[in-house]
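> Okay, here's what each chain looks like letter by letter:
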Amino acid sequence: MRRISGAGLRRSAAVVLQILPLIAMGAAALVFAPRLGPTMATHWSGFAMEPDGYGSTWMSFWISAAIAAAVTAIAVAVVLMGSASRETRKMASAATLIGAFPSTVWIVLAGTTADAGSPESADLGARLGFLVIPFLVATVVFLLFPVIPETEDEVLSAAQGVPEPLESLAPNERLVWSRTITSPLLVAIAVVLVASAVALGVAAARSADAGLWTTCATLTFVALSVLALSPARLTIDRFGVRLRSGAFGIPLIRIPLSDIDVVSAETIEPVQWGGWGYRFSGRGRAYVIRRGSGVVVHRAGGSVVAVTVRDAEEAAAAANALRERSRVQQGS
Amino acid sequence: MLIRLSDGSPASIAEQISFQIRLAVSRGDVAVGEKLPSARDLAASLDVNMHTVLRAYDSLREAGVIALSRGRGATVVGGDEPGVRDVLEAVAAMVAEAARAGISPRELAGIVKGMETT
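Which chain is which? The protein sequence lines are A and B, in order.
Numbering of the first sequence is given in UniProt numbering, commencing with residue 1 and proceeding in unit increments.
Numbering of the second sequence is given in UniProt numbering, commencing with residue 1 and proceeding in unit increments.
It is worth saying that the hints were derived from the structure and are not from the lab.
Among the hints, erroneous ones may be present.
Partial pick of chain A residues on the chain B-facing surface, computed with a CB cut under 7 Å [claimed, not checked]:
1. N172
2. E173
3. L175
4. V176
5. W177
6. S178
7. R179
8. D237
9. R325
10. S326
Pairwise CB distance ranges (calculated) [said to hold, decoys possible]:
11. I250(A) with G28(B): 27 to 37 Å
12. T214(A) with S12(B): 50 to 60 Å
13. A195(A) with G83(B): 37 to 47 Å
The beta carbon of each residue, even a glycine, is placed where N, CA and C say it ideally should be.
Isolated chain B, as found in the complex (with noise of 0.2 Å):
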């Protein structure tokens, strides 16, 4: 599972982090049943606070990628759907596209955003 945490990013770090997990395990690269780092280590090893691991992971368990539980952390119970997996991919990809184009994440999510209107 790879995280990568970017300045240039128009999402947070809690929602970069929880997007790249959730994508993570829809690709399979953590497997339900797999434990995620700690909290604390992973905040550790990104260099951000752990109170915004701790929310990432709320996130998560709010949209049912992970369980949360004292002692054990968080342990994957369910990836997405198909459906919302494709969608994952594809905004993966449609953001790397972006990036060789020249297209900053921050200009792609203004674009997706005007799409919404139309």
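Here chain A stands alone, though its shape is the one from the complex (with noise of 0.2 Å):
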């Protein structure tokens, strides 16, 4: 059922293209770190050899690296679960390219200082030159980027509408439909922001800046969020339409069969219903983990909620299958 496709390993190396100046961001500090003082040379006027600015080395190692963290994931995003089409791969490069500078520019100004022994005698000259790296690895994650003309899109030929109710369900049959769905993605950038809030802590920690305790909780706030969205489990059985967190338990969505007027199998469009993650938009709530099949639950209210699940036929069709015969059953 998982195949690996030419277009899935041209998005892996992409991915692979966008975290690397994290990681040499990392490795550089590790590297200079025994020549770095608490300070170094962050900003040059004009042509002068002189530095007329400093900043402190760690706190602007921290900040850079979360900034970039940040926008890099959302990079990878974009890559890993957007759709293949131009206007993606458009956000796919500028996004790698705010997000590889933060941690180029790091490396070169903690390499201008390290190098030069002290701050004041740091002197940037050639090493303006490394800035043009981002906007590479911009370039190479476009022509890594594959598009596929909308016509032959595998997805959007999946599917569409109200499947038929699983045949023959007898009046006392038991029927339950589960399956979970994880997102990889997600869950690598929960790693992420997990990582980044505790160094934030440690960073805290060591400073007199209360901000960074705020910035600290934000993230964590943030990473738990994302954690509670991946893995989660979709059931569909006698009480209905359900999705719960796998690592904390907490309904995220819950549908008594009662109130479900009929289940479709859909494409899911992310954009369509307000982007990834968990979505309240004009169109309805919508709990959205890539492009792709996913069950759309038409209420009695007349409201809509939306899954991205793998098998959203099946989905579907087990639950109109106990919605049909519940209603018979209660003579409705």
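Using the hints, put the two chains back together into the complex; each one sits in its own frame.
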């Protein structure tokens, strides 16, 4: 069922490239650390050899790393989950560029001070040329990103609409449809966020800057929110349709059988449902972790709830069969 | 993963659960590394006793399909060999075919048992 396609390989290669600047930044920090003091040169005016601006070495490291990690996470998300369109490709390479910049800048600045021996004697010189690297990375990501003309897109040709209820559901037959929904990417993002939060916590404990604690708390909250979304389990049974967080067990969606009008299997376009994650949009509530098949529950009140899941057709058919039978049994 | 329990089946409820999970794994509906619902949740969904589900999980563990661990629940560790998988598929197809021909699973089981002796 899961196959590795050429497009998948290209996306994976792009992701490896996207995270390289962050890894390089960590490596550079380790290499330069013995030669770096608490401050480093951060600004030069015109073609002056002498720097005229200085900043805290490790504070700038953590802030640059946090920004780079956050933007790179978004860029990776776009590459892995975005549709194979020209628009997504542009978005992916732009986000890659913005994500690669803070790490590259920090590596260049730290390297300049480290090689000079002291911040005051740091001479940027030709190192400025290294700033072309983010553009190169973004360009290669642009070239790697697979673009498929819409008509050939397999996902779009997925079955649409309301599937026939499962045949012959006997009056006393018991049925459950259950599936875990995992996004390796969301898990990876959560891990990066937790790591950044811990790093910021360490930095905050060492410095007097109260702002760092706020950032740390915010990052922790975001990390836990991402973890709550993946993995999750979609269950369709005599109680109705339920989506529950695997990590914390909290219910994300709960629709009683009697509240269901009909369930359809559709192709979920994240853009049309307000993006990825747990969304509220004009169209309705949605749990979206990728673009592709999903179930859309049309509730009795007219509202709509969507969940991206594989085998959506079977899930929808199971829900409709259960709903149909409960209607017959209730005589409504 | 779809589980349907029928009263007309000659198999016990635990056997039906374990066979259908096994089939779901062999079809790739449940991937290796994926978790199964907790026995408590599955029992509630199917309106059966939790020990019935635990019995089904236990037989799946013995068959090497899942691993059971305290706290982590049931995790799929391996599917059946391709040969066994083909048999499972064929049996599922045969049951459906028999149903269309008006042969109940119970009768079908009788037919299969009859073949054993020949």
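> Against this structure, judge whether each hint is valid.
The hints, checked one at a time:
1. N172: 6 Å, holds
2. E173: Constraint on E173(A) satisfied, holds at 5 Å.
3. L175: Result: holds, 5 Å to nearest chain B Cβ.
4. V176: Cβ of V176(A) sits 4 Å from chain B, so the hint holds.
5. W177: It holds, given that the least Cβ distance between W177(A) and chain B is near 5 Å, below 7 Å.
6. S178: 5 Å, holds
7. R179: 6 Å, holds
8. D237: 4 Å, holds
9. R325: R325(A) check fails; min Cβ-Cβ to chain B is 12 Å, beyond 7 Å.
10. S326: 13 Å, violated
11. I250(A) with G28(B): 27 to 37 Å: Cβ of I250(A) to Cβ of G28(B): about 29 Å, so the range 27 to 37 Å holds.
12. T214(A) with S12(B): 50 to 60 Å: 58 Å, holds
13. A195(A) with G83(B): 37 to 47 Å: 45 Å, holds
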